[in-house]
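Go by the hints and put chain B onto chain A.
Top line first, the protein sequences correspond to chains A and B.
Sequential numbering from 1 applies to the first sequence in my numbering.
Sequential numbering from 318 applies to the second sequence in my numbering.
Don't read these hints as lab results, they were simulated from the structure.
A portion of the hints provided could be inaccurate.
[What the hints assert, rightly or not] Label-pair restraints from in silico Cβ distances:
#1 Arg313(A) with Ala519(B): 35 to 41 Å
#2 Ile386(B) with Ser85(A): 41 to 47 Å
#3 Ile386(B) with Gln60(A): 48 to 54 Å
#4 Phe454(B) with Gln60(A): 24 to 30 Å
#5 Ser343(B) with Arg124(A): 30 to 36 Å
[What the hints assert, rightly or not] A few chain A residues that face chain B, going by a derived Cβ cut-off under 7 Å, partial list only:
#6 Leu15
#7 Met138
#8 Phe139
#9 Trp147
#10 Val152
#11 Phe154
#12 Pro251
#13 Phe254
#14 Leu277
#15 Leu289
#16 Leu295
#17 Val297
#18 Ser299
Note that beta-carbon positions come from the ideal geometry of N, C-alpha and C, so glycine has one too.
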Amino acid sequence: MTPFLLRRIGQSLVLLVLVTAIAFGLMRLAPGGPEAVYALSPSMRAEDLARIRASFGLDQPIHIQYVKWATGMVSGDWGRSYRDSRPVRDVILDRAPATLELTITALVIAIVCGVAIGVLGALRPHSASDYVATIGAMFALSIPTFWFGLMVIFVFAVRLGWIPSGGRSTMGGDDSLGDRLHHLVAPALVLGLVLVATWSRYTRASLLETIGQDYVRTARAKGMTERHVIWGHAFRNSLGPLLTLAGLQLPFLFGGALVTESVFTWPGMGRLFVDSLGYRDYPVLMGVLVVTAVLVVVSNLIADLLVAFVDPRIRMR
Amino acid sequence: MATSATAPPGQLAATIPATRQGEVDSPWRIASRRFLRHRLATAGLIVSILLILSALFAPLIAPGDPLRISILDKFAAPMTKGYLLGADEVGRDLLSRLLYAGRVSLLVGFAAMAVTVIVGTIVGLTSGFYGGRVDAFLMRFTDALLSFPTVFLLLVLAAFVGASLLSITLIIGLTSWMELARILRNQTLTLREQEFVQAGRALGATNPWLISRHLLPNSLGPIMVAATLNVANAVLAESYISYLGYGIQPPEASWGNMLNNAQSYFNSAPWIALFPGILITLTVASFNFLGDGLRDALDPRSRR
Chain A
1 MTPFLLRRIG QSLVLLVLVT AIAFGLMRLA PGGPEAVYAL SPSMRAEDLA
51 RIRASFGLDQ PIHIQYVKWA TGMVSGDWGR SYRDSRPVRD VILDRAPATL
101 ELTITALVIA IVCGVAIGVL GALRPHSASD YVATIGAMFA LSIPTFWFGL
151 MVIFVFAVRL GWIPSGGRST MGGDDSLGDR LHHLVAPALV LGLVLVATWS
201 RYTRASLLET IGQDYVRTAR AKGMTERHVI WGHAFRNSLG PLLTLAGLQL
251 PFLFGGALVT ESVFTWPGMG RLFVDSLGYR DYPVLMGVLV VTAVLVVVSN
301 LIADLLVAFV DPRIRMR
Chain B
318 MATSATAPPG QLAATIPATR QGEVDSPWRI ASRRFLRHRL ATAGLIVSIL
368 LILSALFAPL IAPGDPLRIS ILDKFAAPMT KGYLLGADEV GRDLLSRLLY
418 AGRVSLLVGF AAMAVTVIVG TIVGLTSGFY GGRVDAFLMR FTDALLSFPT
468 VFLLLVLAAF VGASLLSITL IIGLTSWMEL ARILRNQTLT LREQEFVQAG
518 RALGATNPWL ISRHLLPNSL GPIMVAATLN VANAVLAESY ISYLGYGIQP
568 PEASWGNMLN NAQSYFNSAP WIALFPGILI TLTVASFNFL GDGLRDALDP
618 RSRR
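Here chain A stands alone, though its shape is the one from the complex (with noise of 0.2 Å):
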């Protein structure tokens, strides 16, 4: 295990260089560059300016001024926004509980549904019920989610008045826990939804697979029920592909996150992305992406480690 250990993290530590050297070139394609808020003042001089400049290391060659920048983000000094002049760091740790919340509740949601629906399907392939649920996690991948939050705010919120129509807790309420899942259900639905469709796809592809093996053909001809053949057999040599989706879909959620954060005016680290886009808020904005970079890289070098873990076919590669 060890070699495939080290060759794995290995690998992750070469991507983590990669990912924040992506980021970092591309906040080099700001206009006007990260000094550019500075240039707006009408009282700025030219040399005021170009201090500016020396003191961002903004005139020294683009390598050094990452591994400055690199050196920086790893002892956790992550530079100030431009819009209060709050640590980056800590304008970001305000917004990831938020985002955590939706998201973990969305994605168990979606393993859930997801899961049972597909064993459903994979125990009974091209049966109506199959059919309903392949023909619905088509259309629940194609709905854009922006605009499935929107008809459930119409629905829920505006019509029926069932439920809030954004933000995390009522403002000067109690910040009680009901108050808070009152809240939360509707984004996290709506998040939920898309993943929900993969996940069923995924399990049922996997799982029809792994039911199609000879070992799964032992155990049947043994006498086993076919209830410990499923869940016993079947069913847990499915869970690696599982495990690796569950990684996958990572930068998948993040995205997903963002865009029902904007709906629904949660306020996680994908609202506090869209408006320090508008803020033209550099720092802030290379601070979320390579926080979200960093934990998808990550998540999937765990995902990884746990297939490998539970299936030694993996780790003999």
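Showing chain B alone in chain A's frame:
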């Protein structure tokens, strides 16, 4: 097949109409037969053709000018004042706007797909064919791009580069080629060891020749599937960034930007939010069904 097993030999031949005598089933024929048997894919094909036609002939079909403002008719309900689907916040005809918006959304969808396919194919084939360092470099770069949530990348690029039809198309195309590249790379790794490629090499074929004449034709299946699914993804991506205000800019309509302010008119005109979303969903779903059907039809492992 219980009946044909007991039938006399003459009838047995008559029960197999799939291949006419003297005709060999080509892979494309098998694929198209399987595809047409796939009812959902066929439905997807029909709907997407209809959508493309309505976009192409929008000036002929549209009842009015999509940009003509008539403030008196603002928020006219569907089927009133001569507006089939109603009017928006400044009294523009919604149906005409939807038709013209379809042109923009589908144009971006297809053009971005072309960018995706070109970049994905070049990267995938190069990586798989040359292997070694080239492969390692290209695939690590692919992995790195895949680690970013696409919506974040799209928004940053659109905000920095500036929104125009061309820039939005390029941005969507350049952020979605990675999966195709990976698929083609893995397939090329096995293909390049096959005898026909080795034979070509032994005959002195150059690398570009081998790639364009042997590997590319054998990769058309996955490329077609990816192309179809990518139209769906690109239409969806355009709607996301346009909805958030960084995509296609008004007064030019796209399905995404028509939803941009829809939330503020929920009380006076909910239909403004309804129709563009239905069209996006319909478009994306039909291309997804189409791509799924193509995948089943072209997959050599599923001989049905």
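To see whether the hints hold, each was checked on the structure:
1. Separation of Arg313(A) from Ala519(B) is about 36 Å and conforms to the stated range, judged on CB atoms against 35 to 41 Å.
2. For Ile386(B) and Ser85(A), the Cβ-Cβ distance of about 43 Å falls inside the hinted range of 41 to 47 Å, so the restraint holds.
3. Taken as a hint, the range 48 to 54 Å holds for the pair Ile386(B) and Gln60(A), whose Cβ atoms sit roughly 53 Å apart.
4. The hinted window of 24 to 30 Å between Phe454(B) and Gln60(A) holds, with their beta carbons roughly 26 Å apart.
5. Between Ser343(B) and Arg124(A) the beta carbon distance is about 35 Å. The supplied range of 30 to 36 Å therefore holds.
6. Against a cut-off of 7 Å between C-beta atoms, the interface hint on Leu15(A) holds, since the closest Cβ of chain B lies about 6 Å away.
7. Satisfaction of the interface hint for Met138(A) is found here, the shortest Cβ-Cβ separation to chain B being roughly 6 Å, below the 7 Å cut-off.
8. Annotation: Phe139(A) was flagged as interfacial toward chain B, and the flag holds, the nearest CB pair being 5 Å apart, inside 7 Å.
9. With a cut of 7 Å, the hint placing Trp147(A) at the interface with chain B holds, because the nearest CB-to-CB distance is about 4 Å.
10. Against a cut-off of 7 Å between C-beta atoms, the interface hint on Val152(A) is violated, since the closest Cβ of chain B lies about 11 Å away.
11. Against a cut-off of 7 Å between C-beta atoms, the interface hint on Phe154(A) holds, since the closest Cβ of chain B lies about 5 Å away.
12. Look at Pro251(A): its Cβ gets to within about 4 Å of chain B, closer than 7 Å, so that hint holds up.
13. Interface hint at Phe254(A): satisfied, since its Cβ lies 4 Å from the closest Cβ of chain B, which is below the 7 Å cut-off.
14. A hinted interface residue such as Leu277(A) counts as satisfied when its beta carbon comes closer than 7 Å to some beta carbon of chain B; here the least separation is about 5 Å, so the hint holds.
15. Interface restraint check: Leu289(A) against chain B, minimum CB-CB distance 6 Å, threshold 7 Å, status holds.
16. At its closest, the beta carbon of Leu295(A) sits 9 Å from a beta carbon of chain B; the interface hint therefore is violated under the 7 Å criterion.
17. About 5 Å separates the beta-carbon of Val297(A) from the nearest beta-carbon of chain B, less than 7 Å, and the hint is met.
18. Annotation: interface hint on Ser299(A) violated; nearest CB of chain B at approximately 10 Å, more than 7 Å.
Violated hints, in rising order: 10, 16 and 18; the structure is consistent with all others.
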